[in-house]
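The sequence shown lines up with residues 0 to 87 when you count with numbering that gives the first Met the number 0.
It should be emphasised that the hints constitute simulated quantities derived from the structure, not laboratory data.
Virtual Cβ for every residue (Gly too), placed ideally from N, Cα, C.
Mixed in with the good hints, there may be bad ones.
[What the hints assert, rightly or not] Label pairs and their calculated CB-CB ranges:
id: 1; residue 1: 44; residue 2: 8; range: 19 to 25 Å
id: 2; residue 1: 43; residue 2: 13; range: 20 to 26 Å
id: 3; residue 1: 71; residue 2: 42; range: 33 to 39 Å
id: 4; residue 1: 37; residue 2: 6; range: 36 to 42 Å
id: 5; residue 1: 42; residue 2: 22; range: 31 to 37 Å
id: 6; residue 1: 43; residue 2: 17; range: 32 to 38 Å
id: 7; residue 1: 14; residue 2: 72; range: 38 to 44 Å
id: 8; residue 1: 42; residue 2: 12; range: 45 to 51 Å
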Amino acid sequence: MASGWASDDAVQEQIDSSIEDAIARARSQLPTGASLSHCEECEALIPEARRQAIPGVRLCVACQAEHDKEQAKFSGYNRRGSKDSQLR
């Protein structure tokens, strides 16, 4: 059932758009280029298996885990719903 000027599938379009934005953001953060043999932060050796599994890898597992924790703090998406739901 449509409400106001919104089309019947406006909610699904918003969900799809949010997912597409999240995918584009994740893809933009993927490493590119040649993998490093040593971590660029702590200079620990990066195992060959990791370098082959992730082309362009620049961090060891420990440093990558720390980096991922920092990235998890970012939330650029409104997960609370529409303004109408916030006014109630």
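A quick look at each hint next to the structure:
1. Between residue 44 and residue 8 the beta carbon distance is about 52 Å. The supplied range of 19 to 25 Å is therefore violated.
2. The hinted range of 20 to 26 Å is not satisfied by residue 43 and residue 13, whose Cβ atoms lie roughly 43 Å apart.
3. Look at residue 71 against residue 42: about 25 Å separates their beta carbons, and that is not inside 33 to 39 Å.
4. The beta-carbon spacing between residue 37 and residue 6, approximately 54 Å, falls outside the hinted interval of 36 to 42 Å.
5. At roughly 33 Å, the beta carbons of residue 42 and residue 22 sit within the given window of 31 to 37 Å.
6. Distance hint for residue 43 and residue 17: a CB-CB separation of about 37 Å, consistent with the stated range 32 to 38 Å.
7. Distance hint check for residue 14 and residue 72: the Cβ-Cβ separation is about 23 Å, which falls outside the suggested range of 38 to 44 Å.
8. Separation of residue 42 from residue 12 is about 47 Å and conforms to the stated range, judged on CB atoms against 45 to 51 Å.
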